[in-house]
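As given, the protein sequences belong to chains D and U, one line each in that order.
Going by the working numbering, the first sequence runs without a break in its numbering and finishes at 603.
Going by the working numbering, the second sequence runs without a break in its numbering and finishes at 377.
Source of the hints: derived by calculation from the structure; they are not laboratory data.
Take the hints with a grain of salt, since some may be wrong.
For lysine to any residue, the following SDA-like pairs were computed, each having C-alpha atoms within a straight-line distance of at most 25 Å [unchecked claim]: (1) 293/D / 55/U; (2) 293/D / 238/U; (3) 495/D / 538/D; (4) 293/D / 179/U; (5) 366/U / 599/D; (6) 293/D / 119/U; (7) 293/D / 237/U.
Chain U stretches covered by chain D per the calculated footprint, using a threshold of three residues with CB under 8 Å from any CB of chain D [unchecked claim]: (8) 117-130; (9) 140-146; (10) 155-166; (11) 274-287.
Backbone N, C-alpha and C fix where the C-beta goes; we use that ideal spot for every residue, glycine too.
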Amino acid sequence: MEMPRPDDRILSRKVDLVDRLVRLVGRGAVIDDPAAIRAYECDALTAYRCPPLCVVLPETTEAVAAVLHLCHEERVPVVPRGSGTSLSGGALPTADCVLLGLARMNRVLEIDTVNRFVRVEAGLTNLAVTRAVEEAGFFYAPDPSSQLACAIGGNVAMNSGGAHCLKYGVTTNNLMGVRMVLMDGTVVDLGGPVFDAGGLDLLAVVCGSEGQLGVVTEATLRILPRAEDARPVLIAFSSNEVAGACVSDIIRAGVLPVAIEFMDRPCIAACEAFAQAGYPECEALLIVEVEGSPAEIDDQLTRIRSIAARHDPVEFRAARDADEAARIWLGRKSAFGAMGQINDYLCLDGTIPVSELSAVLAGISTLAKDAGLQVANVFHAGDGNMHPLILYDANSPGELEKAERLGADILRLCVAAGGCLTGEHGVGVEKRDLMEVQFSAEDIEAQMRVKDVFDPHWLLNPAKVFPLGASRARRIA
Amino acid sequence: MLRPADEAELAEALRSASAPLHVRGGGTRASPARDGAEALLTAGLGGVVLHEPGAMTLVARAGTPLDEVTAVLAAEGQRLPFEPPDLRGLLGRDGVSTIGGVVAANASGPARVRLGAARDHLLGMRLVDGEGRVIRNGGRVMKNVTGYDLARLMAGSQGRLGVLTEVSLRVMPRPETEVTLCRRGLSPAAAVSAMARALASPFEVTGAAHDPRDGGRTFLRIEGFAASVAYRTGLIEAILRGDPAPSDIERIEAAASSRVWADLGGVAAFAGREGDVWRLSVVPGDAAGLVARLPDGACWLMDWGGGLVWALCAEGTDLRAVLRPYTGHATLVRAALSTIAALGMEEPRAPAVAALTAGLRAKFDPRGILAGAG
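In isolation and in its complexed conformation, chain D is listed as follows:
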């Protein structure tokens, strides 16, 4: 993976820049010691690392604005960072950048259960939002699997999803407003605690723009009343194809589960060995979770059971109590850890139309065989968001590259099936150079024109999202 050559003129001015940053935000908010900086050299895409020029950890919107204004005047690139949990390298620094971390901006500013919103600082973790409102009977719906650690600012930047999007949508559907600082230091408020902002929906394009349009410092989030109860069932099948058809039929029948998770045989085997969840011997497994009162749950599960019966399941296992529910989720929730026990892995994030599930799974299996690598599949089937995990050995020379090539082939397959490169992890640096698989030059140009408006000098997180070749002229201008 290529990154732009750092700008020597910036590297040579490090001491002066650090000095000026210290004057703006105080010594305690600037890290320039090479050893301490290393903590920021990568995010959760750990295959790529590069220490930044320095790190700034502001505590207020005003401080963020001052830092951005200085960097804008000095033409120094800025890479924003929430908690650094990006799986696509969204917070990967360059050697000539100021890394702007939001970790110290983690306060809950306002909780309004009457009007059903909260206003929080962007460094607050996703789970902390739900924790702040759960006593009042509410929750914040997007639940990426990193929710214990990931920051709301990062969620907004990546338009993060989670397992329960089928019913509740992703970040963009639960985000009502942001306070954001543009690269030149201007503070803007987009949206707010009302349904419509009026005029162009700028919030819509900011959400998911991977920190390239501005630095979000506060977010107004919709909170939802928690359902009376929830219960999962496990349905085992003798083939991926049958499991895929069952997903489609459940959705078609008008039952709207909160989650439909899918695991294939390699993944089931790994999870079983790791967590002993007691999963049945089968080719494919669905975990379907429904919500409501106990009677409503029973009614929905009866409907799901009769749909599943048409597909001749190997087993249909309903949780009778909280303990059984936890056991059904246990294997699924330990999937990534289980795969990590076996080997290093790359986690892909392509999304496909649900109708293409079995064809794409068969295609992945063929590609994996040809590449001589093992792939396990665990994903959010209800919304077609796949997570193929490619196993490889990082210590064996050339294996990472081989795994990356297979990953690219799998993503091409997803796009060809009518899907996309990334459902919830973002493009970052990881899928940057595959954008042309999904988009024409004109499509990419249109997106880059939006960045031209928000950040005319291309200083914010500049080497991400767009193929380097496509953005080169703008980045060096």
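Given the structure of chain D, go ahead and fit chain U onto it with the hints provided.
Frame of chain D; chain U shown alone:
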């Protein structure tokens, strides 16, 4: 009048235009043409391209009549979850709404309070910008963060950045049944509070509105499988009853319930009546305080639990001044030309936001071909 038959012809029409065009879907919502602007109709770009009930997705060309989309979905027991309102009566228009027009206006009805707006269900689009460039964004899958979300930027843009040629939407199952509870006699403040309690309950209320006429009627809608609706209706009824507990709560079932919400969404109460019509977007809890400040003789209606207030006032009244102490904004929906000239249809934006908007328009429509949009 231009009536391109496909996207390529539409692109050519925009490329070769030398003066602003007046782009129209069905003409049911768009503002009237500016003097002399040639009309460009999208009606030639029609047809449902794809409907996959098992994936809850629909792809349709922008000029497809809304009724056609609704019928295709209904045949498979599905619907557009955002309940696009029919404003023809209010605006005194006839004609047929198109799906492209609905998305360009982000036209979303009472169900928005629970199920989201058109923009929330938009998965992707094709668009021709003011320079005639064809742009594709998003796709037809529910989770997609590949590149910037230009599709949602276009929802509600009123065609200011380009002309939609195709939209891809998330659709949802049509509920087996619905019931509306109507409670009479609540004051505006009590109604807002009752709606807030219902919306904060786990019973998934898909409509919460208040009409002050006839002594005040507060409406709450519950949808789903019959057994679940019966259960939830009972619990919502208890919330509505509140205390003191006089109980004049009517249950309106099935088709009659649908009619209640079609009228509320379409603001039938103001149709054919003189005056300017305003749409006030406010924090729900502020709605009662706001309506108390409306000038004498003004009529109003609350939807979205109070988050949307429709107001009918004497021509020329500046409701933005009334709204000023509150968070939110006011848009003119139907008004005398003199009101529009004096106040503008939309509330002015903060300078930095206005600059970003102007910057985007300059990028997507540098020659101002779509300048009359919205």
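To see whether the hints hold, each was checked on the structure:
{"no.": "1", "hint": "293/D / 55/U", "in the structure": "18 Å, holds"}
{"no.": "2", "hint": "293/D / 238/U", "in the structure": "22 Å, holds"}
{"no.": "3", "hint": "495/D / 538/D", "in the structure": "17 Å, holds"}
{"no.": "4", "hint": "293/D / 179/U", "in the structure": "17 Å, holds"}
{"no.": "5", "hint": "366/U / 599/D", "in the structure": "17 Å, holds"}
{"no.": "6", "hint": "293/D / 119/U", "in the structure": "11 Å, holds"}
{"no.": "7", "hint": "293/D / 237/U", "in the structure": "24 Å, holds"}
{"no.": "8", "hint": "117-130", "in the structure": "holds (count 4)"}
{"no.": "9", "hint": "140-146", "in the structure": "holds (count 6)"}
{"no.": "10", "hint": "155-166", "in the structure": "holds (count 7)"}
{"no.": "11", "hint": "274-287", "in the structure": "holds (count 4)"}
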